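> Protein sequence lines correspond, in order, to chains A and B. Going letter by letter, the first sequence gives residues 1 to 128 in this note's numbering. Going letter by letter, the second sequence gives residues 1001 to 1139 in this note's numbering.
If you are wondering where the hints come from, they were derived from the structure by calculation, not from laboratory data. Heads up, some of the hints might be wrong.
To be verified - List of simulated lysine-lysine pairs, BS3-like, C-alpha gap at most 27 Å: (1) LYS118/A - LYS1105/B; (2) LYS1033/B - LYS1009/B; (3) LYS1098/B - LYS1131/B; (4) LYS1134/B - LYS33/A; (5) LYS1009/B - LYS33/A.
Unchecked claim - Simulated DEER-style distance windows between Cβ atoms: (6) PRO20/A - ASN1136/B: 20 to 30 Å; (7) THR1087/B - TYR97/A: 23 to 33 Å; (8) THR1121/B - ILE60/A: 38 to 48 Å; (9) THR1093/B - ASP99/A: 45 to 55 Å; (10) THR52/A - ASN1136/B: 44 to 54 Å.
These numbers were taken from a predicted model, which means no experiment stands behind them. Built from N, CA and C at the ideal position, the CB exists for glycine as well.
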Amino acid sequence: MTRQIRLSKSGKNVLTETDPNEFIFHSAYNTFKILASGTATFTIGSGLFTKTVAHGQSIIPLVFAFMICDTNEEVMLPGFQWFNTSPYDDLGFYQLYVDATNVIFYGRSFKATNTDIKFRYFIFESPL
Amino acid sequence: MTRKIVIAKTGYNALTETDSDNLAYSSAYNTLKYYVSGSLTINVNVGSSTSYSYTNSVNHNLSLFPFHIIYVKYSTNWEMIGTNYSTGIWPTTYIYRKFEGWVTKTKLYVKVRGNTGTDVTDTYSTDFRYKIFKNNLNL
Chain A
1 MTRQIRLSKS
11 GKNVLTETDP
21 NEFIFHSAYN
31 TFKILASGTA
41 TFTIGSGLFT
51 KTVAHGQSII
61 PLVFAFMICD
71 TNEEVMLPGF
81 QWFNTSPYDD
91 LGFYQLYVDA
101 TNVIFYGRSF
111 KATNTDIKFR
121 YFIFESPL
Chain B
1001 MTRKIVIAKT
1011 GYNALTETDS
1021 DNLAYSSAYN
1031 TLKYYVSGSL
1041 TINVNVGSST
1051 SYSYTNSVNH
1061 NLSLFPFHII
1071 YVKYSTNWEM
1081 IGTNYSTGIW
1091 PTTYIYRKFE
1101 GWVTKTKLYV
1111 KVRGNTGTDV
1121 TDTYSTDFRY
1131 KIFKNNLNL
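Please put together the full structure from these sequences, using the hints given.
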């Protein structure tokens, strides 16, 4: 018999429960480990931008990232083009990529002057 | 020596395994702390030659920017938010739809926006599913 370590949610029987969602932890299922996380700040001019940060992994990892608006009031997911309501209509975080070396941020500034942009990225255990 | 809690997958040695993928759990690695999930809906009913933007939101009240994931249902597919669709020919039968999401320190927002051409209207309902984690983005 394979031994397991299980922590069930309150009200659930750890010995008989079969739904993985009812466990806080179950050793039969891998956890989605965060191998690394960091922030990256860039100064960009007007127009499209492509910025990179090295992920330092030997494989192409699963990554996720967020960008904070220059107003410091909102944090956007990839795929965000612009806020329609002024004054938030000036930055977009179009796409997030990853290759064997880098996490890649692609977007656009509609501002006429240089802008500091900041990302939080996560590198997860599972390779793509 | 740093003490760790390590639970290896079946067939692997928790004391010697170095590949994190072969560990069911290791206290050496952070994980996402699931907080809450839910759904939001936005209904769109616009006439021709219209540029529109509709937003819906839910409070999370975490007082921080949380890690979050949002999916949107388009047609029969559930997909990560950020996608856009267009049909028809500009400027007459053109229809454009875009789905976006973001968070503040108190709320999660979803938005649909788009345009219609001179000869078409657009009516649809968009369902969103979100997951919010307690992990602070520290931005």
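> Determine for every hint whether it applies to the structure shown.
The hints, checked one at a time:
no. : hint                            : in the structure
1   : LYS118/A - LYS1105/B            : 16 Å, holds
2   : LYS1033/B - LYS1009/B           : 21 Å, holds
3   : LYS1098/B - LYS1131/B           : 20 Å, holds
4   : LYS1134/B - LYS33/A             : 15 Å, holds
5   : LYS1009/B - LYS33/A             : 14 Å, holds
6   : PRO20/A - ASN1136/B: 20 to 30 Å : 26 Å, holds
7   : THR1087/B - TYR97/A: 23 to 33 Å : 27 Å, holds
8   : THR1121/B - ILE60/A: 38 to 48 Å : 44 Å, holds
9   : THR1093/B - ASP99/A: 45 to 55 Å : 39 Å, violated
10  : THR52/A - ASN1136/B: 44 to 54 Å : 24 Å, violated
Figure legend: structure checked against the earlier numbered hints; hints not met, in rising order: 9 and 10.
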